[in-house]
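A.B. asks: Listed here are the chains, written in short residue letters.
There are 4 protein chains.
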Amino acid sequence: MIVLLKGNTTPEELRQFTDDMCQLGLDPHVTVGEAHTIVGLVGDTSRLDIGQLEAMDIVEAVRRVQEPFKKANRRFQEEDTIIVLDNGTKIGGGNFQVIAGPCSIESEEQIIHVAQEVKKAGATLLRGGAFKPRTSPYAFQGLHTKGIRLLVQAKQATGLPIVTEIMDKSHLPLFDEVDVIQVGARNMQNFELLKHLGRTNKPILLKRGLANTLEELLMSAEYIMANGNERVLLCERGIRTFETYTRNTLDLSAIPVLRRLSHLPIIVDPSHATGDAGLVKPMALAATAAGADGLMIEVHNDPPHALCDGAQSLTPQGFQELVGMVQAIRPYSDCHAASEARL
Amino acid sequence: MIVLLKGNTTPEELRQFTDDMCQLGLDPHVTVGEAHTIVGLVGDTSRLDIGQLEAMDIVEAVRRVQEPFKKANRRFQEEDTIIVLDNGTKIGGGNFQVIAGPCSIESEEQIIHVAQEVKKAGATLLRGGAFKPRTSPYAFQGLHTKGIRLLVQAKQATGLPIVTEIMDKSHLPLFDEVDVIQVGARNMQNFELLKHLGRTNKPILLKRGLANTLEELLMSAEYIMANGNERVLLCERGIRTFETYTRNTLDLSAIPVLRRLSHLPIIVDPSHATGDAGLVKPMALAATAAGADGLMIEVHNDPPHALCDGAQSLTPQGFQELVGMVQAIRPYSDCHAASEARL
Amino acid sequence: MIVLLKGNTTPEELRQFTDDMCQLGLDPHVTVGEAHTIVGLVGDTSRLDIGQLEAMDIVEAVRRVQEPFKKANRRFQEEDTIIVLDNGTKIGGGNFQVIAGPCSIESEEQIIHVAQEVKKAGATLLRGGAFKPRTSPYAFQGLHTKGIRLLVQAKQATGLPIVTEIMDKSHLPLFDEVDVIQVGARNMQNFELLKHLGRTNKPILLKRGLANTLEELLMSAEYIMANGNERVLLCERGIRTFETYTRNTLDLSAIPVLRRLSHLPIIVDPSHATGDAGLVKPMALAATAAGADGLMIEVHNDPPHALCDGAQSLTPQGFQELVGMVQAIRPYSDCHAASEARL
Amino acid sequence: MIVLLKGNTTPEELRQFTDDMCQLGLDPHVTVGEAHTIVGLVGDTSRLDIGQLEAMDIVEAVRRVQEPFKKANRRFQEEDTIIVLDNGTKIGGGNFQVIAGPCSIESEEQIIHVAQEVKKAGATLLRGGAFKPRTSPYAFQGLHTKGIRLLVQAKQATGLPIVTEIMDKSHLPLFDEVDVIQVGARNMQNFELLKHLGRTNKPILLKRGLANTLEELLMSAEYIMANGNERVLLCERGIRTFETYTRNTLDLSAIPVLRRLSHLPIIVDPSHATGDAGLVKPMALAATAAGADGLMIEVHNDPPHALCDGAQSLTPQGFQELVGMVQAIRPYSDCHAASEARL
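Residue numbers (our numbering), protein chains in the order written: chain A, 24 to 366; chain B, 24 to 366; chain C, 24 to 366; chain D, 24 to 366.
Honestly, the hints are just simulated from the structure, not real lab data. Careful: at least some of the hints might be erroneous.
You can't tell identical chains apart in this list, so a pair holds if it fits in one copy or across any two.
[Claimed, not checked] Distance condition first, Cα-Cα at most 27 Å in a straight line; then the derived DSS-like pairs of lysine-lysine: (1) K225 with K94; (2) K225 with K192; (3) K94 with K29; (4) K143 with K192; (5) K29 with K93; (6) K169 with K192; (7) K29 with K169; (8) K192 with K218; (9) K93 with K225.
All figures in this text were calculated on a predicted structure; none of them were measured in a lab.
With the hints as extra help, turn the sequences into a complete structure.
C.D. replies: The structure is reproduced here in structure tokens:
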């Protein structure tokens, strides 16, 4: 960490400051310039409060040098994390998976039918929402407990591991047979939820918030990991921008950036990012080309009658074409980005 | 709601569509244009899923006409909501209050000292954080239960009603003696928490999310109100923009816009918005001038040693000057904006 | 265009309004709802000023139905535009080109050397900046006239058509031997410049502004086309977001969206978007996979000593690898997006 | 400037680097840490290219310490700049002015009528657009030469100094009798135009770009000042955010921030920021309370028939009320922010 002191700092103030820093276990290195004095703080600065430093009269500015995340950081674990599910499915480290299914679980027929269709088309995990975060209290909120029960039935019928979203830590007992627990974009900084998920042993698919930076995403992963659960999947699902033709803007540069910064697997969700079924295929191909470890795609048997987000859902047939194109393009992708980015 | 159908929609498709809409209890009005057919849907469209409509082959676009919030809407309640606290303090409808206190509760001495100082300076409510949402799991997270106990002691010592933040619905039993429960920016769309708060009878101070629109803020207020609790205070605390000199950008146009759209009281927090004590006073004056119903100001007895957000905290003396200036400017403010905006 | 009138509009006001619209050559269709009256305006509304309509007492809101761009609109020209350069090089409609070269032209040796290297590696156009828009007046501003002369020499030496940026219409006479004139992101809405370029017969590479929507980009293309020059190339080069690890955020969904909305060719510049040489390759592959018509890549013989933007420049060897990977992936890309998106 | 070198930098590489910096006239101070080596560069770094440094293999990151603007910087000129117009009107340094007039000049009657009305109501400068930057090439573009002639007539009729926008340097000869030349938001980084205006002796009202930071605004002011013209007025007119109820988001914290960073006068334009006449008054009061040096307000005799931006124009009567309220509130504003912020 680098602290810039104001030009008029007296030698006494400077000595007091460096003494304070030493007491915090840090090693201060001082450079006196014309307009400023620069103090480099060497040591573990992750507990230091930048705001507190900035409040000091003699401090002009404070800049971090090291990333504030540790367990998620590739500096501290060079090899890719590979998440292994109960049925042996692996994600990350060269293992690419396609998660597919409807936005909402609507009925037994619907979820089992879609599960069979996406499995046939090449999906290796099944998604489906039982708890739905909706902007309006008057919109369909999901089937809750019954939805999860139906999803488990679809898992039993097809053998596909299942992914579904949690909205509150009190619901955790319902997720016993769920293979991957999803944290939605709006809960990316619900720190109480993250801490609790950190005390489980379930893989967590953590979605990037609507206006959050990649560093913030990694700090949220760090909340889970610091509490003991290191099985985190990072998910890029679009960020809010001024563009209006797409619901969000899919930030595909997140893939090589996260690859460089972290060892965790990276999943891309082009369906929620674009909100438009016609854009899902090109964005899925682009995400694959950029080196993603997996895709998450909404598929519905009857998009116009979906209870949620029909506009962005592919039909099973459209999904099958997409999987074929994704499989064809993957050998030509930047899948070695990790090792190169590391160098 | 207005639905634009594609130019090549056949008369049969159109009839099928209007029949579907009638079955949903809506009254469709059709206008056939050169390039499009326009269907105006009259009736209660708040349960209608826009995504589902957009997924239909014949639909080109869907546009809402009415605001999707109801209980928070000034159309349905013309007079300002006035929140009355247990000690008789009123907020809204011409009643202006100043909430002040430290970012974090740190010790008995600290919170009681600050409480006495801010009361003397003119504050009418006391704030202090016991549960702190921090980006890093390694940063100080607050004193939790003990913090709330200390805050209640400060309430008893000064008679000031207290405001503090909740981070999870499971903590609700700890908030029995809290007068106003705050929902932080990162939890503005934690819908499970909002629903639960809607089943309490405590006033809720709802902060706008970092990248949320005012409509989304009002929809979150609607979650609380639709569950039975209509005592919601809206709080503008800055939004994320590209500007880097301030932590966030305080959106003061939120005041007259919310005044026009809603009857709920509007509080402004210039401390978190700017993140810089030197900017709090001009922004507090500006918020008052624009017609806010109250301010929320961070005050700390010793900002450079605050455990959190020292850089944005005023000293008790600086706060006293601010209150004096705010009281002086208020008679010249746009406090009648509500009634005018309504017209 | 759809105009929502307030619920309390009188029949006389409504008649006056529809008469006014008829006088403007439009055909108004009226739907009277419970809370609003909806007037659909059929005809050419592109000259209508939305602000003027909104200022009327009886108007609640105005919404466009049709895109405000015409000549750039795929509705009015179904087949892809193909730009043919003087040497026969084609861009668009299935013709994919790679533009490469240094950020700034620095010397005769440098530009000719880089030109030969990128040609050898597979580039089909040469780029190089002579007029450089720099945030600081104290930064290197380019070699101006001399720079263009050197670029023309490199064209003569290699046969590569050349692309370079214009910053003011008064410089146009210097661009006689330039094959494609670039308009930079900061000048995307320099309408005087666009109008002038519309009166030339040079292909224009129009870069999207830092915070502009795709509709605004197409409206700027429309400025050029409406003045007579229909040879416009659209260039996605990253938009400003809150992310800090990348300079800008490359919006690759722009490719299928622009493909759907317009017939103009689409070029992607991953170098300026990311500002980081290590991210250029994955983003170039992703752009190709998503169906771009071409790439624009910064290449410098000696990036650490480049006078401008060295951090994002590839070496000739890195560029050669990139071209190989791009050529390998292109057969598996979404290059038929145009025709599908049209349907 | 601070340069972070990678941990594996060899002593030879370090010596080579410091030698290079010395040759550029800078004085390098080295601090060797555990994970990084920090080099503080003392001296004039404004010509140094950060991108070039970042491209070096041994460099991990580069951070500026000093603001890159000089002539606009309060560090180098402590007292406020006061702009004095030909008729003696002063702006800045405690002198507050109200600029008012229509968005577009439409006819002799209109501009002279509005000029007389706004003068009577308390305006001290007259604004009116002759060259209008419009997103659409099909929208009204202004009366150009004739518009400026009519504005000069209104100046002669009322004695009010006049402000109008320039869109291209070639139009400069038309601005001989214009008192203040405005640079619009879309041209804030039209550096060729800025350089030319720097060679005139006219006061320049420089509007902040739609998505530009305050530092970028000051760097654009620096372009004008570095070319010889130090009479620049900074204008906050709203930035683009995700909020849709207002056209832009007026960033009033720009006032105290610019006050601290620069000595130039600060004007606020609430009309373009909000795009809504009903929001202009509260935002004008707020801007005054926060310490602005002046306001720019759109006034039109007949807003519903304005050729441009009628929705945001006040009537002369509405403007008169606004001026009264602004004059009443100003004694209670943060007008001494400058001197305090300096400390």
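A.B. asks: Tell me, please, which holds for K169 and K192 at an alpha-carbon limit of 27 Å: within, between, both or neither?
C.D. replies: Both, since 18 Å and 22 Å are each at most 27 Å.
A.B. asks: Can you give me the call for K29 and K169, within, between, both or neither, at a CA distance of at most 27 Å?
C.D. replies: neither (62 Å within a copy, 38 Å between copies)
A.B. asks: How would you label the pair K94, K29 (within, between, both, or neither) given a Cα cut-off of 27 Å?
C.D. replies: between (35 Å within a copy, 21 Å between copies)
A.B. asks: Is it within, between, both or neither when you check K143 against K192 at 27 Å Cα-Cα?
C.D. replies: neither (34 Å within a copy, 42 Å between copies)
A.B. asks: State whether the alpha carbon distance between K93 and K225 is at most 27 Å within one copy, between copies, both, or neither.
C.D. replies: within (20 Å within a copy, 40 Å between copies)
A.B. asks: Treating 27 Å as the Cα threshold, decide for K225 and K94: within, between, both or neither.
C.D. replies: Close inside one copy (17 Å), not across copies (40 Å); limit 27 Å.
A.B. asks: Checking K225 and K192: alpha-carbon separation at most 27 Å within a copy, between copies, both or neither?
C.D. replies: both (13 Å within a copy, 23 Å between copies)
A.B. asks: Since the copies are identical, ignore which copy is meant and state whether K29 and K93 lie within 27 Å (CA to CA) inside a copy, between copies, both or neither.
C.D. replies: between (31 Å within a copy, 18 Å between copies)
A.B. asks: How would you classify K192 and K218 at a CA-CA limit of 27 Å: within, between, both, or neither?
C.D. replies: both (9 Å within a copy, 15 Å between copies)
Consistency with the previously given hints fails for numbers 4, 7, ordered from lowest to highest.
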